[in-house]
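Chemist: Chain residues, written in single-letter form:
Number of protein chains: 2
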Amino acid sequence: MTMVAIKTQLITAQNFAPFGDILDASGTPDMAINQGLCDRHHDRAKLDFGPDGRAGISIFNAQPRSLPYVLEMMERHPDACQAFIPMSENPFLVIVAHDKGGEPDKPRAFLTDGKQGINFHRNIWHGVLTPLAAPGLFAVVDRIGDTPNLEEYWFQTQYVVNS
Amino acid sequence: MTMVAIKTQLITAQNFAPFGDILDASGTPDMAINQGLCDRHHDRAKLDFGPDGRAGISIFNAQPRSLPYVLEMMERHPDACQAFIPMSENPFLVIVAHDKGGEPDKPRAFLTDGKQGINFHRNIWHGVLTPLAAPGLFAVVDRIGDTPNLEEYWFQTQYVVNS
Numbered sequence: 146m147t148m149v150a151i152k153t154q155l156i157t158a159q160n161f162a163p164f165g166d167i168l169d170a171s172g173t174p175d176m177a178i179n180q181g182l183c184d185r186h187h188d189r190a191k192l193d194f195g196p197d198g199r200a201g202i203s204i205f206n207a208q209p210r211s212l213p214y215v216l217e218m219m220e221r222h223p224d225a226c227q228a229f230i231p232m233s234e235n236p237f238l239v240i241v242a243h244d245k246g247g248e249p250d251k252p253r254a255f256l257t258d259g260k261q262g263i264n265f266h267r268n269i270w271h272g273v274l275t276p277l278a279a280p281g282l283f284a285v286v287d288r289i290g291d292t293p294n295l296e297e298y299w300f301q302t303q304y305v306v307n308s
Numbered sequence: 146m147t148m149v150a151i152k153t154q155l156i157t158a159q160n161f162a163p164f165g166d167i168l169d170a171s172g173t174p175d176m177a178i179n180q181g182l183c184d185r186h187h188d189r190a191k192l193d194f195g196p197d198g199r200a201g202i203s204i205f206n207a208q209p210r211s212l213p214y215v216l217e218m219m220e221r222h223p224d225a226c227q228a229f230i231p232m233s234e235n236p237f238l239v240i241v242a243h244d245k246g247g248e249p250d251k252p253r254a255f256l257t258d259g260k261q262g263i264n265f266h267r268n269i270w271h272g273v274l275t276p277l278a279a280p281g282l283f284a285v286v287d288r289i290g291d292t293p294n295l296e297e298y299w300f301q302t303q304y305v306v307n308s
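The listed protein sequences derive, respectively, from chains A and B.
When we follow the working numbering, the leftmost residue of the first sequence carries the number 146, and every step to the right adds one.
When we follow the working numbering, the leftmost residue of the second sequence carries the number 146, and every step to the right adds one.
Take these hints with a grain of salt, some might be off.
As the list makes no split between identical chains, a pair holds if one copy fits it or if it spans any two.
[To be verified] In silico lysine-lysine, DSBU-like type, Cα no more than 35 Å apart, as pairs:
#: 1; residue 1: LYS260; residue 2: LYS152
#: 2; residue 1: LYS191; residue 2: LYS260
#: 3; residue 1: LYS245; residue 2: LYS191
#: 4; residue 1: LYS152; residue 2: LYS191
#: 5; residue 1: LYS251; residue 2: LYS191
Hints in this document: simulated from the structure, not taken from any laboratory.
All values derive from a computational prediction rather than experimental measurement.
Model the full assembly from the supplied sequences, consistent with the hints where possible.
Modeler: What follows is the structure in structure tokens.
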């Protein structure tokens with residue numbers, strides 16, 4: 146089995162744009178609310194729950210991983226987006242790939258800065274939730290619906306994500 | 146002006162049930178995903194964005210407050226629910242009230258345990274977002290729509306929230 150190393154880079158709205166949205170308080174707030182005591186960064190995610198789906202909020206409690214991380218599988222959700230909001234200030238690992246003929250192309254690995262959530266757009270290949278510290282607690286906004294809404298791809302190539 | 150003291154209590158799914166949902170990883174997970182490495186606590190919020198609204202995710206950055214906290218105003222959203230997901234492990238203050246003829250009845254004050262988000266149901270009187278530590282960073286899932294969706298009530302009575 147071939148082994149391919151992937152280096153992480155810090156995630157930004159720009160480098161993540163082909164895959165989804167960064168949910169954070171960067172940039173100028175869209176409005177000041179609550180007598181000026183709260184900045185609102187308005188409507189930051191491109192949400193899409195499919196024709197027969199609805200939005201839900203679930204809580205994910207994931208076991209922390211560590212680097213180097215061996216990536217064996219990626220998945221995608223054909224019917225909807227999926228947003229991950231960390232409930233701690235711990236950076237987490239975000240792995241995504243472009244599609245190449247129905248399979249993930251070479252994966253890219255990002256690290257958040259501890260103050261960012263992310264939203265994967267519909268049908269974007271991504272790794273499973275990979276916190277790097279406890280608690281691996283996330284609020285997940287995704288589709289509630291009747292379809293499986295899941296496609297998995299197991300690699301022949303072994304990808305190893307390094308810091 | 147009359148001054149009335151309010152003591153905080155720890156928030157639970159039970160004591161908060163008349164006002165909304167607790168978004169946390171308590172109890173038995175509804176499913177294990179990602180090869181058993183992640184627990185999913187599924188669809189924990191009763192979401193409701195009104196007939197012409199849609200869900201959005203915004204980021205709120207609020208100035209931390211401290212106790213005792215003087216409560217001057219409460220608000221409610223007639224067209225939709227509003228969920229607050231803390232992006233830190235800091236407990237925050239949650240103030241709610243039953244409705245009494247179009248005005249908030251005596252407020253109740255809750256403290257989260259640092260691992261809980263909350264969802265206010267539609268039209269529930271609540272205080273503005275009151276983190277008690279920095280960063281006061283929250284992901285907010287609420288209605289994106291054309292109506293004002295906001296009613297404010299300024300108290301004659303002065304309520305002081307104590308720990």
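Chemist: Run every hint past the structure and note whether it holds.
Modeler: Each hint tested on the structure:
{"no.": "1", "hint": "LYS260 <-> LYS152", "result": "both (21 Å within a copy, 31 Å between copies)"}
{"no.": "2", "hint": "LYS191 <-> LYS260", "result": "both (19 Å within a copy, 26 Å between copies)"}
{"no.": "3", "hint": "LYS245 <-> LYS191", "result": "within (23 Å within a copy, 38 Å between copies)"}
{"no.": "4", "hint": "LYS152 <-> LYS191", "result": "within (27 Å within a copy, 40 Å between copies)"}
{"no.": "5", "hint": "LYS251 <-> LYS191", "result": "within (25 Å within a copy, 39 Å between copies)"}
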